[in-house]
Amino acid sequence: MKLSRLLSVLILLLAVPALVFAGGGREETVQVEEGQQLVRVLVPRWASTGDVRVERQVAFQSVIDSFEAANPNIRVQEVISSASSYDIDVATQIEEGTVEVVWVNNPFYPTLQARGLFADLTPHLSAEDEADFFQWTLDALRSVNGELGGLWHNTDVRLFFYRDDLIASRPDSIEAFLEIARDIRDNEDLAPFFLSLGHTDGFIPLYGVFDALGGELVDDEGRPVALEGQNRAYWEQIFEAMKTMFDEGLIPESTAVSREAAVVPLLLAGEVASFIGNSNYGLREIEAKLPPDEAARWQAAPTFGFEGTPGRGVSGGWVFSARNIDDNPALQQAAIDFVLHATGFSAQRNTNKAGGWTPTRASVFTGDRFYSEDRFMVATAEALENSTIRPLVRISPIIAQVMMDAMSVYLTTNQSLDSILDGAARTLQAEWSNL
Amino acid sequence: MDTRLHRFVSGPWPFIIPALFALIVMRAFPAVWQIWLSMTDMRLGDPGSFVGLANFRAIFGSSAFLGSISYTAIFLVFTVAGQMALGLCLALILEGDYRGRDIYRTLFLIPWVISGLVAGIMWQLMFVETRTGLLNAFIGQFGMNPIRWLSNPTNARVSVIMVYIWKGVGFSMLLLSGGLKTIPDELLESADIDGASAWRKLFSIKIPMMKEIVSVNFIFATIAALNSYETVLVLTNGGPGGATSLIALEMFRTAFGESRNQLGRGSAIGVVMFAVTLVFVIIYVRMTRFGKENY
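So the protein lines, in turn, are chains A and B.
Just so it is clear: in the first sequence, position 326 is 326 by our numbering, and no numbers are missing.
Just so it is clear: in the second sequence, position 110 is 110 by our numbering, and no numbers are missing.
Worth double-checking, as some hints may not be accurate.
What the hints assert, rightly or not - Ranges of calculated distance between the beta carbons of each label pair, as one might list FRET restraints: (1) A:Val52 <-> B:Asn227: 27 to 33 Å; (2) A:Ser62 <-> B:Trp36: 43 to 49 Å; (3) B:Val285 <-> A:Glu221: 49 to 55 Å; (4) A:Glu188 <-> B:Ala275: 53 to 59 Å; (5) B:Phe203 <-> A:Glu240: 55 to 61 Å; (6) A:Arg223 <-> B:Phe50: 22 to 28 Å; (7) B:Leu202 <-> A:Glu236: 56 to 62 Å; (8) B:Leu109 <-> A:Glu228: 51 to 57 Å; (9) B:Trp36 <-> A:Asp418: 40 to 46 Å; (10) B:Trp33 <-> A:Val52: 31 to 37 Å; (11) B:Phe29 <-> A:Asp139: 41 to 47 Å.
Simulated from the structure, these hints should not be mistaken for lab results.
Here a beta-carbon is modelled for each residue, glycine too, at the ideal position from N, C-alpha and C.
Let's have the full structure, built from the sequences with the hints guiding it.
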C-alpha cells in the first residue's frame, strides 16, 4: 500500500473519534476516593482559577480549598468554559447533567428556573443568611416560581461619577443637574455628562428613573405594559429629558450609539465632567488608569431621578445555582452546600475583591475594611440600600432593546416621540405574543 | 489482503470519505438543523416547540428586520464596488517590478487578516467624536470641525462602509493581482507597439482577460459582506436608530444578543440569509462550471 493511502486511512480513523469527542470546556482532573462525592462547577474562565490574573486564581482556589477542607467527603472540580459561549455551555451542561453547580448571569436565570432545573435553597438558608443577603436578590430569585433557585454571588449598581472640582456635590434631581451641566458647557472645555443612550447598557440607569417615578415594565402575568397609560407618560418624560441634554450639547452626540464603556477614552483624556457607569468603574478605570491627583478629583454617588422622586439604583450580577438532582440525595446536598459556601461571607469577600465586583451580603460591606472605607464602595453600598433589579422575566431583555432602539431613533431623527413610542409599543406586543 | 478491502483502499474513497464526513458533519447537518430550528420557538435553555412559519411571519412583520434589509442592500453595493475598485487600483500599482513591492502587498493584506472584532474596536477608537479622537484630531489640523462619524445616521452608514472597504480591499487586491499575472505578456507588448494608452490596455485587454477572476472576486466579496456583523456590532451595534443594522447583525442580536436567546427566530433570519447567499453560490458554481475549464 502506498504511504499516502495508508496515511489517508489513518487520518480517517483518527478524525472520527476526534470529531465525536471534540468538546467545549476544560475539565480539571480530580481524584475521587471511594465514598466521596464529586461536585462539578461550571464557571467562565474569567471567574475561575484558569484566569490569567493571579489574584483571581488565588481567590477562586481558596473557595474550593476551604470547602474541601470543611467537607472531606466532597471533591470539587471546576469545569471552565470559554466565556464567549458561556450561556450555551450553561444550558447544555445543565440539560445533560454534566455539572452539579453553575454560575449563571441573572437574565438567563428565569428561563432555566421556570423549567424547574434548579434546587430550591430556601430550606437550606439560615435565618441569619436570609437577613444578610440584600433582600432584593432573594425577592428577584423567588419571583420566577416562588422557589429560591440560587444565591446571588456578585452584583453591581449604576452610580453617578463626577469631578468634585466642577460639580460640588451630587445634584438632587435631573432638573438641578441640567443647570449644573449648562454651566459646565458654557464655561469649561469638556462634555458635562455621559450616559449610554443608544445601547441596552443605558436602559439600566433609565429603568431606575422609570421605577422611581412609579413605572412598571410588566404586569403580574409578565405582559409588557411599559408603554401603556401612566407608564408611557413616564417614558415620555425620560425621553424628553434625554433629548434636551442631547440637543443642548450637555451630552456627547456619540452617546446615541455608544456602549457604557465608551466613556473611558473621554475619562482618560479629561474630556468629561460626569457620567453614569457601573459601580466598578471607580476601581477599574478611575483608580487604575488615572494619575493619583486626577483620580482624587472623582467622586461617586447614587443616581438621581426627577424632582420629587429620589431615583433608584439598578443592579445586575451573577448567581450560583445547584442543579436539581432527584436520584442522588447525597450529591444534591453536596451541590447545595457548595453554593452556600461559594456565596458565604469569606468567599464573597475574597472573590469579589479579586474580580472587582460587588458583594451581595450586607455583612461584607460592614465587616471588611476595603468595602467599608473605599469611597467608591461606600457610594456603592449606599446605592445598593435602595436598589432594584429589572423584572426577571423573558420579555425584559427585549423591552430593554426596543426602548433603547426607540431612544436612539428619537435622538438622531426628526420622527415624533408619539410615532416612535407607538412603534415600540406595537413591537413589544408582537414580541409578547410570540413568546 | 482481501480483494474488496484492497480495492477500497486503492480506490478514491480513502481520500473522499474524510472530506465527505467533514462536509456532512460541519456543513450539511447544521444547515438542515438550522432550517428545523427556524420552525420552532426554541430558546437557549428551552427546547420550545414546532411553530411552523410563525418565525418567518414575525421577522417579515418586523420593522427592524425590514430596515436591516434596506441598509444591507446599500452596504453590499458600495462595499463590494469599493473593495473591487480599490483592489484593482492597488493590484495595478503593485504590478510593477520595484523595491518593497511585497512589503506593500503584505501591509495591504493585514486588514483582511485581522479579526473583525479587533478591527471594530480599533476603528471605534479612531472615530471618537471629540477633538481628541484620532480622525477628528487629524482633520482639526486643517481647521475642520469634529465630525459625528457614528452618531449621525448618514455618517454612520458611510463610516461602516468605509471600514468594510478598508478591511476587504486586501483580498480583492490579492485575487486581482493573480488575475493580472495570467495575462500573456505578448498581448500587452503588441498593444504597446500599436501605441495603446494605459487606459486602453486596462479596459480593452486587462479587465476582459481577467473577467473570470473579477467575477469570482465579486461573488466572494458579496458573500463575505452579506455575512458580516462583527465589526458593525462593535462600531455601532446597528445604531443610531437602526441606521446601520445589517441582516447578519439582526440575526446575531436576536439569537444571542442581550440575553434574548431567541434561537428559533434567529435561525429564521439565518435561513433567509442562506437563501440569498445560495443565489450567489449558484451563480458562482455555474460561472466556474464546477471546476471545469471555462475557456
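Here is how each hint holds up against the structure:
As the Cβ distance of valine 52 of chain A to asparagine 227 of chain B is approximately 31 Å, the hint placing it in 27 to 33 Å holds. Between serine 62 of chain A and tryptophan 36 of chain B, the C-beta spacing of about 46 Å keeps the proposed range 43 to 49 Å intact. The hinted window of 49 to 55 Å between valine 285 of chain B and glutamate 221 of chain A holds, with their beta carbons roughly 52 Å apart. At roughly 55 Å, the beta carbons of glutamate 188 of chain A and alanine 275 of chain B sit within the given window of 53 to 59 Å.
Range check, phenylalanine 203 of chain B to glutamate 240 of chain A: about 57 Å between beta-carbon atoms, so the 55 to 61 Å window is met. As the Cβ distance of arginine 223 of chain A to phenylalanine 50 of chain B is approximately 24 Å, the hint placing it in 22 to 28 Å holds. Evaluation of the 56 to 62 Å hint for leucine 202 of chain B and glutamate 236 of chain A yields a pass: the beta carbon distance comes to about 59 Å. Separated by about 55 Å at the C-beta atoms, leucine 109 of chain B and glutamate 228 of chain A satisfy the suggested range of 51 to 57 Å.
As the Cβ distance of tryptophan 36 of chain B to aspartate 418 of chain A is approximately 41 Å, the hint placing it in 40 to 46 Å holds. Between tryptophan 33 of chain B and valine 52 of chain A the Cβ separation comes to about 35 Å, which falls inside the hinted range of 31 to 37 Å. For phenylalanine 29 of chain B and aspartate 139 of chain A, the Cβ-Cβ distance of about 44 Å falls inside the hinted range of 41 to 47 Å, so the restraint holds.
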